[in-house]
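**Student:** Just need the whole structure built from these sequences, with the hints factored in.
The listed protein sequences correspond, in order, to chains Z and W.
Throughout the first sequence, residue numbering follows my numbering, covering 1 to 209 in sequence.
Throughout the second sequence, residue numbering follows my numbering, covering 210 to 418 in sequence.
Hints are computed from structural coordinates only; laboratory data are not their basis.
Be a bit skeptical, because a hint or two may be false.
To be verified - With a straight-line Cα cutoff of 20 Å, these simulated PhoX-like cross-link-like pairs (lysine-lysine) come out:
id	chain 1	residue 1	chain 2	residue 2
1	Z	K83	Z	K65
2	Z	K83	Z	K66
3	W	K296	W	K335
4	Z	K5	W	K314
5	W	K314	W	K335
6	Z	K105	W	K214
There are 2 protein chains.
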Amino acid sequence: MNIMKPMEIEMKSFEIISRELAGRIFDRQQEPVIKRVIHTTADFEYADNLCFSKDAMDKAIAAIKKGICIVTDTQMAMAGINKEALKRCGCEVRCFMSDQDVAEKAADQGITRAAVSMRKAAEIKKPLIFAIGNAPTALMELEQLIREERILPALIIGVPVGFVNVVESKELILQLDIPYIVARGRKGGSNVAAAIVNALLYLVSPREN
Amino acid sequence: MNIMKPMEIEMKSFEIISRELAGRIFDRQQEPVIKRVIHTTADFEYADNLCFSKDAMDKAIAAIKKGICIVTDTQMAMAGINKEALKRCGCEVRCFMSDQDVAEKAADQGITRAAVSMRKAAEIKKPLIFAIGNAPTALMELEQLIREERILPALIIGVPVGFVNVVESKELILQLDIPYIVARGRKGGSNVAAAIVNALLYLVSPREN
Numbered sequence: 001m002n003i004m005k006p007m008e009i010e011m012k013s014f015e016i017i018s019r020e021l022a023g024r025i026f027d028r029q030q031e032p033v034i035k036r037v038i039h040t041t042a043d044f045e046y047a048d049n050l051c052f053s054k055d056a057m058d059k060a061i062a063a064i065k066k067g068i069c070i071v072t073d074t075q076m077a078m079a080g081i082n083k084e085a086l087k088r089c090g091c092e093v094r095c096f097m098s099d100q101d102v103a104e105k106a107a108d109q110g111i112t113r114a115a116v117s118m119r120k121a122a123e124i125k126k127p128l129i130f131a132i133g134n135a136p137t138a139l140m141e142l143e144q145l146i147r148e149e150r151i152l153p154a155l156i157i158g159v160p161v162g163f164v165n166v167v168e169s170k171e172l173i174l175q176l177d178i179p180y181i182v183a184r185g186r187k188g189g190s191n192v193a194a195a196i197v198n199a200l201l202y203l204v205s206p207r208e209n
Numbered sequence: 210m211n212i213m214k215p216m217e218i219e220m221k222s223f224e225i226i227s228r229e230l231a232g233r234i235f236d237r238q239q240e241p242v243i244k245r246v247i248h249t250t251a252d253f254e255y256a257d258n259l260c261f262s263k264d265a266m267d268k269a270i271a272a273i274k275k276g277i278c279i280v281t282d283t284q285m286a287m288a289g290i291n292k293e294a295l296k297r298c299g300c301e302v303r304c305f306m307s308d309q310d311v312a313e314k315a316a317d318q319g320i321t322r323a324a325v326s327m328r329k330a331a332e333i334k335k336p337l338i339f340a341i342g343n344a345p346t347a348l349m350e351l352e353q354l355i356r357e358e359r360i361l362p363a364l365i366i367g368v369p370v371g372f373v374n375v376v377e378s379k380e381l382i383l384q385l386d387i388p389y390i391v392a393r394g395r396k397g398g399s400n401v402a403a404a405i406v407n408a409l410l411y412l413v414s415p416r417e418n
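**Tutor:** So, in structure tokens, the structure goes:
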């Protein structure tokens, strides 16, 4: 095995992905997002699963250029977002899942911490991107907040993974007239959410080799 | 969609996974690990990919019962490990990837931070479980440290994901006479590494409903 630098390995990986996707034509803007998710999962199903609203890439890139707050539903997704790229773009990331007040409200109201986290995020007075890789209830809460016109996210990344309520929660987002990137079906995860955020950040501020 | 408690959702998810795996017979000890990885990824390929050394489950459970240090190769895997379960088991988790001295040594020696992290972990005077979800070079370094008899891990979880050196690095671990759980092939990830650790912790200390 040759020892290569991380960026060399990444470039070679993307070459292999492109080769194995031979013949597939993607939207030019969506392509780096799709390929980064495949890079993160080694799962080519994402070439078919990922659904982009028509304006998702334009809106997300414009929002990131202005500096946004990214809200995740897991510490794991937050940990997976490239902090240097985030800083270069003048963006920040927040996750409220472990906050004491969130746990208390969830217990009081008999709803999930993920739902309470979304309500807490709705109070932030900055443009928001939601990166949801775990909790269907986060997407369900977001859908309600949007329908009630209490938030208007710059983008929803809707990629929870799992077997219960996951498919349905994603379909709710697909029906909204907002910018979204959704992994249709059961697949997704915090790693996928972080990969999509990183792909967007790298589009706005490419890394050096 | 019914709103259920997280543990109810998890139980229902495992029922669905069991139903869709109908007919598959797994080793009784390995089964909860395999199913938790499928639960984390919604990817049934792990029913075939995951390779366990003959003694992996016994050794891992015995080690966790005595209190061990789990070393990860990403902050993301560390973030995904259940901290309450870790505490109940008297275990701890460490990740050296962001340490200043690791970055400096990697630059000086022209090797990856992941490799330096493994050498740093080898200095820990406690039984170790390595949970490697990202870096093939971490596995390659571990293999060398083991062959040089500088470490004897209680378990190596070898589940990097990707297209370059990943398959080969896992095959190196499969050739060692040590306890391992390896996801053969390209697939894996920090989420898979964390899921395997959590499955082991829950076997030693089950959660309450």
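**Student:** Return the numbers of the hints above that this structure violates; sort them in rising order.
**Tutor:** Hint 5 contradicted; others consistent.
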